[in-house]
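Visitor: The primary structure of each chain is shown beneath.
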Amino acid sequence: MDDDAGDGAASGGTKRKVTAASSSAAAKGKAAGKGKAASKASALATAKESSLLKQKSPAEFFAENKNIAGFDNPGKSLYTTMRELVENALDSAESISELPDIEIIIEEITKSKFNTMIGLVDRQRIDEELYDDFESAKAREKRLAKEARFQETQAKNAALGKKVKEAPAARGKGRGEAAFFRVTCKDNGRGMPHDDIPNMLGRVLSGTKYGLRQTRGKFGLGAKMALIWSKMSTGLPIEIKSSMKGQNFISFCRLDIDIHKNVPHVHLHEKRENKDRWHGAELQVIIEGNWTTHRSKILHYMRQMAVITPYAQFLFRFLSDSPDKNLTIQFARRTDVMPPIPLQTKHHPSAVDLLLIKRLISETTKQNLLQFLQHEFVNISKSHAERLIGEMGPDFSAKTTVKSLTSQQLVRIHQLFRQAKFDDPSGNCLSPAGEYNLRLGIIKELHPDLVATHASSPQVFEGHPFIVEAGISIGGKDVKHGLNIFRYANRIPLLFEQGADVITRTALKRINWSSYKINQQQDKIGVFVSIVSTKIPFKGTGKEYIGDDITEIASAVQSALKQCCLQLKSKIVKKLQARERQDRKRNLNRYIPDVARAIMETLGEIADESPPKRPRYDKEDEELLEKVNSEEVTEMTFRDCLTQHVEQVDYEMALEYAMQSGVSEEPREALYLNSLEGSYKFIDFQSPVFVFRFIP
Amino acid sequence: MSEKKRRGGAGAGAASGSASKKPRVSTAASYAESLRSKLRPDASILATLRSLASACSKSKPAGSSSSSSSASKALAAEDDPAASYIVVADQDSASVTSRINRLVLAAARSILSGRGFSFAVPSRAASNQVYLPDLDRIVLVRRESARPFANVATARKATITARVLSLVHAVLRRGIHVTKRDLFYTDVKLFGDQAQSDAVLDDVSCMLGCTRSSLHVVASEKGVVVGRLTFADDGDRIDCTRMGVGGKAIPPNIDRVSGIESDALFILLVEKDAAFMRLAEDRFYNRFPCIILTAKGQPDVATRLFLRRLKVELKLPVLALVDSDPYGLKILSVYMCGSKNMSYDSANLTTPDIKWLGVRPSDLDKYRVPEQCRLPMTDHDIKVGKELLEEDFVKQNEGWVKELETMLRTRQKAEIQALSSFGFQYLTEVYLPLKLQQQDWI
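First to last, the protein sequences are chains A and B.
Counting from 1, position 400 in the first sequence corresponds to residue 386 in our numbering; the numbering is continuous, with no gaps.
Just so we're on the same page, our numbering is the position in the second sequence counted from 1, plus 6.
Since the hints were made in silico from the structure, they are not lab data.
Note that the Cβ used here is the ideal one computed from N, Cα and C, for glycine as well.
Don't take each hint at face value.
[Stated by the list, open to error] Here are some chain A residues pointing at chain B (derived, C-beta under 7 Å):
no., residue
1, Q568
2, R570
3, D580
4, V581
[To be verified] DSBU-like mimics (lysine-lysine), calculated; alpha carbons at most 30 Å apart, straight line:
no., chain 1, residue 1, chain 2, residue 2
5, A, K560, B, K64
6, A, K62, A, K571
7, A, K571, B, K163
8, B, K163, A, K613
9, A, K407, A, K430
10, A, K561, B, K163
11, B, K302, A, K503
Kindly produce the complete structure, drawing on both the sequences and the hints.
Guide: Take a look at the structure:
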C-alpha cells in the first residue's frame, strides 16, 4: 500500500512521494471494513449505523488534515502555496535543462474587491452589536483614555528629546478581516500536455509513475494542495496557462476540484494563440492568507532559495493597494551551470520493507527470482544474487517464478536482506547543488567577506545514499551577528522548527568556533548545509526538520562544517596578521607620551640631586644629565626619538611581512556576465589580450 | 544547629531535637565530652610544651644553617644556586635608587640614540618556578626575557615598567611608603587594573634584585596577631595581650617592627578569622602561653614575613590549625614553601618546619565529628587534593601523605567550625588542650 503516487516526471509539475498520507488513508479504509464486519454480527441498529460509514477521498483527507501539508493557518498557507508553486516551477524547468526563470506575484485583494470578484454585493453593517469587533461605549472610553495617556507620554518624551516609541498597532479582537491573495507563478519549464492538465492538477494522489529518486517536494501534493486550500478558503477556481516547447498554442484551463469525488471540475479548457513561442506554465490561485505574519518567512525562503539555486532567476513581487507596501525583488542569475537531473534509481536491498518487495514483484517484468534480484535492486550482481538464493534455503531456486512466491518466502527474503551485507549504494543518482554553485549562491546573496565550502563524498543511511554540502561565510550584508543557519534538504530551504534540527544542533553544540578564530557571538557567521538524498529522514508532522538522532548524518554534517572552518581559519589568521600590522604603529605610538614622561620625570629627579650627594656615573651618563639640566634634552626629545624608532621598526616589519607572505593572493573568483539578448551594435576596442565591447 | 548539639551534649535537657537523631548525636557528643576527662591538669600540658619549646630553640642553631637563617647567610650559603636561581634581598633605599637610576639612564641613552629601549625582565612564568627539596621552598629559575618597546606584544608592559620604575624612584626619594593601591591610582589610565601594576611591581623587584618591601611599596594590612608578644611598631610599644579580641594588625612594612619579646611557648597559626576570634576571646594564650596568628585565608607577604621573623627571633615551634580540606593544606604550603607568585623572594618569606596540628582528616573520626558537619568533597576538591599528593613538599612528610590519602578516600572535608557541634568553646576547652597534651602534630 506504500504507493508512490506521483504525476510523473513528464508532467513537469508534481512528482512526489506520498507515503505517510496514502498509507494513513488506507488505514482508514481498513478500519472502515473492519467496522462493517463487526456490525454484521451485532444488532440491527448498529448495522444501520455502519451503513453511515463513509469512504473518504484522498482530497477530503488532506482537506481535513491540511496541517500535514503545511497549511496550518492562513499565513502558513500563503507561504506553503508559494513555495509549492516555486518548487514545481524549478523542477519543471530543470527537467528540460532550461535555466529557470521564475516570476512570483503575490497580489493582495481587498475584501470589497474580493466580493465583487465572486459577485457578492458589499453590505453595510446595520446591527453593529452583532459583530465581534463591536466596541461598547465603555470599551471605547477606556481605549480613548489609554490613547490620550499614550499621546501625553509621547509628547513628554518628544519634549525631552527621547526616542519616540511607535504607537502600538491598533487591532481589533477576534479573527478580524480575512485577507485574500492572488498568487501567480510563471516559469519557463516543460509545460503540460493540453489534455492532461485537468488530471494533473485536479486529482490528488493521481499518477502512474513510481520511482525512487531525489526530489524537491516533501508532501507530494504540490499545487494540488494549494487548489484544495483555495477551494476551502475562497471557493475560486485555479487558472492554468501552459505551453510545451514547440507548441503553437497555449492551453488555458480554469478548474477546481471536487473534493468528495477527488476529480477535477473543469470550468474552461481551451487553446489560445502562442505568439512569442512561450513555453512553461503559469498557475494562478486565489487563497486566503496573511502577509503580515509570514512576510519575512516568504522573503527568507526566496533568499535562501536564491542561494542554493544561483542558476535560476527569480522575480518576486508583492502588490497591494497601498503602494508603500509593494515590493519587487529580483534575484539575478549568477551562473549557468545546473546540477544534473537526479536519476531514478533502484532500491537498495537493505532499505526495502515487506510491502515494497511485494509491490516490486507485482510490477516487475522479470520472470524468475534471479533476474528479479539482479535487476530490481542496486548492488546485487548475478553471482551475488545466486549466493543469496542459495542462502535462502531449499525452497528457493534461481528459476523460481517471482510471482509465485508465498508470503512466508517473502518474509524470508526480507529477513535475508536485513541481515546480509551489501555494498553501499553509490551517490550517482543524487544531484547535489554543487560546491561551486553553493559558493556562488552565498557570494551572490550575502556578499560575505570570507566564504568556504565543502562537499562530502556520498554516504549511506539505511540504504539511502546522501551527500552533505556545507558552506560557511563570515560577514556580509543583511546578516545578523552570531550564527545564521541556512538549512537545505534536497535543495529546498527548511525554515521552520529550526531548534531540533541536526544542522542547527551541530553548528551550535559540536563546532568549537573559537578554535578556528571565529567569534560565535560577534562575527556574522552564515552556516549553509545542504543535504541531498533519495530519502530525507524528516521529523515532525510538517516535515520541517531532520532529526538529530541519526549519527551518520550528524557526523557528516559536523565534518563538512569542520572542513569549511579549517579553510577559513588560515584566511582569518592571515587577515588578523594584516590587521595587526596596520594597528602596530598606532598601538606603539599610543604609549610614547607615557614612556617619555616616566623617563623624563626620573631623569629630572636624578639631575636635581646636587653632584656631591649623588653617586658618580659613567661619562656618558653625566653628559646626559648635563643636557637634562640645560634643558637640551626634554620630554619632547624622547617623544621624537621614540616616534622615529617606531617608524623605522614598522617599516622593517612591513618589509618582513611582505617577504613572508609574498605575492600570494586570494584565488580569483570567476566573473559571471549575463549573456545579452537581442543583437546590438558594438564598438570594439581591441587589444592584444582582450576586447572591450561597448554597446552604444 | 550547633547550639542544639551543645545543649544535647551537656546532657542536662536533651528534650529538644528529633527523637530518631537524638541517640546518635548524644553518643557522639557524650564521647566528645568524655575526652574532656582525659585532659590532664594544665600544668602537665605546659610542661610538655615547655620541653618542646626548649628543644626547638636548642635544635635551631643546628638546623637553621641549612635554610632558615637570615637572608644574607642564606645567600652566602647558596653561592651555587644564586647563579641559577633568583634570590632577592632586602636593600636600603639608596642602593635601590641607584639601581633604578642606572636602569633609567641606560634606557634614556638608548632612546636618544634612536634604538628605542628594552628591559631585561626575569620570567616569572609558572614553568619557571621550581620546588627545591634541598631548600624546601619554591624558587625562581633565572631566565630573563627582553621586554622591548618596539613590539606590539610587549610595548604596553615596557611602558608600565618604565612608569613603575619612575614611581618607585619618587617614593624612595621622599622616604615614604605607599600601598600597591596607591601606586595603581597614580596612573589608572595607563595601568588599567591593579593586577597589571602589581605584576609589574613584582617584575621590578626581580629586576632590581630586592624585596618588594625594599621598594617601599606594601600591601594593605590583612593578617592579625594576638597573644604573648610585645614589639615596637615604628617605635610604639605594642602589647599583643592587650589588643582586645580583634588583635593587632600585622604591619605591612616589616621594617617598622623591632624589639620583639615574648614568653610564649609556641606560635599557633590559624587559617580563619572565626577560629582566631574564638581563641582570642577565650584568652587561650593566657591558659597556654602562645602567639596566635592568622592571615584570614591565603597569607599575604606581610604575614609571612612576620611569621618568619617571629620564628627566627624567638625560635618557637609553629603549630597550624587549618581546615580539613585541600585548601587548608595549600595555605600551609604557602607558609612553608612559598607561593609561585613570590618565588623570587621565597628565602625571606617561608617558614619551614610548621607542624600540622589540626584539623586533620583523621581527627574527624577520632573526635567523632557528626556526619552532618562533614561536607562531601567536590570534584574540584578531589582534583586539588590529588595534585597536592604529587607535590614534593607533601611527599616529604609521610604523615601528611597518609592524612591526605585518608581525605581522598573518605571524600569528606570539614572546617575548623565543625568542632563547634560539640559546643562553641569545645575548640579551646577540649580539642586544642588535648591535642597539645598528646603532642598530636605531624
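Visitor: For each hint, tell me whether it holds in the structure or not.
Guide: Hints versus structure:
1. Q568: Violated: closest Cβ of chain B sits about 11 Å from Q568 (chain A), beyond 7 Å.
2. R570: Hint holds; R570 (chain A) Cβ to chain B Cβ min 5 Å, cut 7 Å.
3. D580: Interface hint status for D580 (chain A): holds (5 Å vs cutoff 7 Å).
4. V581: OK, holds: V581 (chain A) within 7 Å of chain B, min 5 Å.
5. A:K560 with B:K64: The hint is violated at about 68 Å.
6. A:K62 with A:K571: The given pair, whose Cα atoms are some 56 Å apart, is violated under the 30 Å limit.
7. A:K571 with B:K163: holds, 16 Å
8. B:K163 with A:K613: Holds, at roughly 28 Å.
9. A:K407 with A:K430: Violated: K407 (chain A) and K430 (chain A) sit about 45 Å apart, past 30 Å.
10. A:K561 with B:K163: holds, 25 Å
11. B:K302 with A:K503: violated, 42 Å
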